[in-house]
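Trainee: Produce the complete structure using the sequences and hints provided.
Spelled out from the first residue to the last, the chains are:
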Amino acid sequence: MHTTSNLEEVIIVALYSAFVTYDEEADAKFQTNQTNPMHNAVYRNYPFFIDIHFMIFVGFGCLLAFFRFYGFGGMVFNFLTATFAIQWAILVQGYFQFSHDSKIHLGVINLINAEFACAVVLISYGAVLGKTSPLQILVMALLEVPVFAVTEWVVLKYLKINDAGGSILIHLFACYFGLGVTFVLYRPSLNEGHAKENTSYHSDILCLMGTLFLWVFWGLSASTLTAFALSAMLNKNGKLTMADIQNVTLAGGVTVGASVDMMISPVAAYALGVIGCIACMLGYKYLSPILARHLRIQDQCGIHNLHGLTGLISCTAGICAILTASEEVYGPSFYEIFAHRAPVEGDPKLQELRMVIPGLKAGLGRTAQKQALFQVAAIFSTIGLSALGGILTGFLLRLPYFASPSDDFCFDDKPFFEVPPDYDSPVRLKHSNTNSVEDSTV
Amino acid sequence: MHTTSNLEEVIIVALYSAFVTYDEEADAKFQTNQTNPMHNAVYRNYPFFIDIHFMIFVGFGCLLAFFRFYGFGGMVFNFLTATFAIQWAILVQGYFQFSHDSKIHLGVINLINAEFACAVVLISYGAVLGKTSPLQILVMALLEVPVFAVTEWVVLKYLKINDAGGSILIHLFACYFGLGVTFVLYRPSLNEGHAKENTSYHSDILCLMGTLFLWVFWGLSASTLTAFALSAMLNKNGKLTMADIQNVTLAGGVTVGASVDMMISPVAAYALGVIGCIACMLGYKYLSPILARHLRIQDQCGIHNLHGLTGLISCTAGICAILTASEEVYGPSFYEIFAHRAPVEGDPKLQELRMVIPGLKAGLGRTAQKQALFQVAAIFSTIGLSALGGILTGFLLRLPYFASPSDDFCFDDKPFFEVPPDYDSPVRLKHSNTNSVEDSTV
Amino acid sequence: MHTTSNLEEVIIVALYSAFVTYDEEADAKFQTNQTNPMHNAVYRNYPFFIDIHFMIFVGFGCLLAFFRFYGFGGMVFNFLTATFAIQWAILVQGYFQFSHDSKIHLGVINLINAEFACAVVLISYGAVLGKTSPLQILVMALLEVPVFAVTEWVVLKYLKINDAGGSILIHLFACYFGLGVTFVLYRPSLNEGHAKENTSYHSDILCLMGTLFLWVFWGLSASTLTAFALSAMLNKNGKLTMADIQNVTLAGGVTVGASVDMMISPVAAYALGVIGCIACMLGYKYLSPILARHLRIQDQCGIHNLHGLTGLISCTAGICAILTASEEVYGPSFYEIFAHRAPVEGDPKLQELRMVIPGLKAGLGRTAQKQALFQVAAIFSTIGLSALGGILTGFLLRLPYFASPSDDFCFDDKPFFEVPPDYDSPVRLKHSNTNSVEDSTV
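Residue numbers (full-length UniProt numbering), protein chains in the order written: chain A, 1 to 442; chain B, 1 to 442; chain C, 1 to 442.
Treat the hints as calculated values from the structure; they're not laboratory data. Just so it is clear, the structure is predicted and the values come from calculations on it, not from any experiment. Warning: the hint list may mix true and false statements.
Since the list can't tell identical chains apart, any single copy or any two copies may satisfy a pair.
Within a straight-line C-alpha distance of at most 20 Å, the following computed SDA-like cross-link-like pairs (lysine to any residue) qualify [said to hold, decoys possible]:
{"id": "1", "residue 1": "K160", "residue 2": "E336"}
{"id": "2", "residue 1": "K236", "residue 2": "L135"}
{"id": "3", "residue 1": "K414", "residue 2": "A232"}
{"id": "4", "residue 1": "K196", "residue 2": "V419"}
Mentor: Structure, rendered in structure tokens:
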């Protein structure tokens, strides 16, 4: 691992030194002693930046630590991958989006964009959790970030869509990239069940803390109650299943994504959360086993349920919101939210509107129907590009150099970490490997 | 559980669709591209909102996970109850407080108020932790929120008191409601001790993390040092007791509540914290056992010590602060903090004051003594209404339909969750059930 | 413990009552109903204050809980010490820095300064973790805070240096004070290894959570990837060592400290992070064992690696940044960041500059070289004062009254806490004490 990691780092240092400088708001040269800190983006965005950081490093870290013998792996590889992905994304996204004067101007907004790219990588990682070496994960990040940046660039620059909540570019992209990778890395033996593929009392609690760390930043979520109710309903004894609570409670957040800046009514937001949650729960229960057995798609954390299905529902809702949006409901902010629907420069209607809304920017003069078509095009091109990128990445990851763990050592910290003395104490082992209970008489 | 939960949800959706709309500040119609985000309450209050969310879902969640075999229950039922209570409180409080034009205008301030109502429910829940089914807890929330809203409405609208820190309406209400419920749900056998009513090394640490998650938001607390000192002093070996550190260190926060917006001197704040902490500690040590044995009040988490005793001290301090407050100490903000003491409309003194403080609102012209009397009235009516509400709720919860766990299955996750394989490993069981040590030979 | 703790508290109350009042911004007298909350320091600094609080109580708490049988100790004594140190530092720092009109005006800025003093104490505590009684830690805090305040006062008032990131006054001071204490408290037997000086699977994860809780607030850190790569490289099996990830990933944050407000290029920041990380890692691997065996310095948490070595690198980088800083790069803020380089009052150059930068404050007219010399002087005097203070404190701590635990009871919660039933279950003990495996047949 070290050689690649070091190499990657040398390359990153070289690229930073060549291309990266500070944004004006972070640059002391542009600060005077009259500068009001509250008008400076560094101060204004700082709490949001910390929040996203917290979600990625602490929230995702705990959430991925649910395997009983792979707690170090889940948390530490999340840390490693996230750190690398953010740095790499600053460079790659900078190249695509911010390179006026051929320098990347490093401001808080770049960091936040890079954190979103990082979230994409971590979601995809969920599909192959416990089945990949750290080297494989780093290489996956190395490839996914540019594919993501290209997709982002194509979709935002040419298709010009509304995607404030990232339903298309974050959730759908991440999901289908991850599914592409895991499709190629298919391990038939894992369909028979794996002795270490389970949780412990403490790892379940840790994972639930991760859920809560994410949940608190996503605000009031209607889907949570649905998740609890469905979890009990679909269990044959009417009991709650921790995995449902750990995952499905988050489904609502994704589902509301695409219409997050639009004026959908509270009840519509509530209903959307409930629908997304039902789809996600049924996906875990019925769709995931089918994908694993019949389509060679072993989706370890069920990202297709939490990000794919909910992402599709979210996009559909977004399109409905676009088709029904009217200036009356949105008032002057209508052309700000749906910027592409503003009249083109030169259109007399633009002048008219500028009487009411001074400084209104010219748009593309799209109708609601036209905008909706572009949204659909964006969905399909994102799914296509991400799945293709994932499949190609998967083939690269199968190269023996990247040291994929054998089937026996999946979901296991031991190949990658110096483990503490209680790691494989008889009691810890006894209950995990149902086949060897007889052997481990204490 | 699912049926009720689903039913509740359908009702909530219906009520939301009928009555809830967005507040102007959250409504895009009222945003222009000239709107400065910092003047918008959504942005301004967002960090505070996240903080409260974090305290409720993560802080309370960890704090309630201290039982060795009820960690899932503590954390998950807190999550479930909090989610339900917030949504329900938005509706109920909206009906009482915000319904101009008979719609609830959903803004950040409503969410924050709903989170306080939610905190009330969770505090009360502490009295019956581990002894109730999730259905019972949901029904308790269903009833407690309206009783709370009515009490809030009566006290704030008719008695017009100062209660910025929520000592009366949050802590006293929550405490006596919870005691009312647990009084009715009395289980004689639990007074003999219960095999599962203990902690493990990890559950103690988890609970302490919960304490810290709450503590960091409550600022510098004088009571913490007192809590440490008393814990060692009252222990026969001079050792520290984790339960004291987990709970009593928080007592100071409650005690300072009632005078939190008043100008008490730092030393008075310090002394109050120390007094609250002593009362809380002695309550745990001596009062709780008496309540359990002689008054049928089995207060599982000791909410009477942490919220009742400290709340009463806090209210007393608040009344003292009111009686001693003078315009000289407070300056122009005097009539803002003690709004009811401002002269009534038409009083020449009001005109005079408006020379100095432009825009001063007319008040009720109350004297310090009169305001203090109203505070006392508020304390008694809050205790009365909450205890009565709690007792009635308790009787409803005893209906067999709500599936209260049997005595044997108290403090136990197993009736409600699919538990992981290590849940009842011999080692985990061995040390918890002192009666069956002989049986569980490994 | 209680007697001292109580005594300390009585003294603190007395001192608070005599000297402490509120700052104008926190004082209601100076608030009007025209006051814009965003211009009030209490509101503006609140999120930063909470962040620091979170780092100290939750982050440090988890980080210090890595010992298998000393998890309560690590977390609880951090809580106790931090609470005491903050209160004590407000008084001591107030005496030195804020006592206009011989009162301490308590504002958010004082709290933040006190939190830094508290961080100093906690870093030093890392050197003696698990080898000291709570009484000893409190006495250490009692002495370290005034020594720190004197050093701060001397260095800032007389040497007038740049130390925005606290490399000198926080990291170097804390490190050499701690090393001084542990030098005196040398325990020869611990060099042979101690049965309880190890981690468990859960304590390692808890500690890693602490790392992440700190890490998220320190922003993007280049050193993290280096830490991962070096950890694998220096391990004979190419595996990762949790202790490296828990500690060395934080090294970059310290290293960038001294130049944090200066305009070093992103690549220089990146390179600094990498260098600091390498030094820290090699320190853990090679230097710490030498210090323990040959210099009687048993540095339990390796603070010399994480704060000493990186602090020295950081200071060197800061001096380079000072020597190369020019007005062209910094623009008008040059004389704000390097305040001492502004011309003295009366210098015609000052008038000239004030044409461009209205309100520029007069400085000391230092050249870059002169300022660099003062920085060097500050480094040496800080190291000297802190090491001396630490050694003297160490001698005091050896007094039998302070109840230092015996060698056998190091890294052990049992002397200080009522422990839960599973604390010394055979399984927990079995794997920790390699000498007694035979005895603990289950």
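Trainee: Hints first: check each against the structure and report whether it holds.
Mentor: These are the hints, each one checked on the structure:
1. K160 with E336: within (14 Å within a copy, 44 Å between copies)
2. K236 with L135: For K236 and L135, only the inter-copy Cα distance (18 Å) is at most 20 Å; the intra-copy one is 41 Å.
3. K414 with A232: This pair counts as between: shortest inter-copy Cα distance 13 Å, intra-copy 35 Å.
4. K196 with V419: both (16 Å within a copy, 16 Å between copies)
When held up to the earlier numbered hints, the structure conflicts with none and fits them all.
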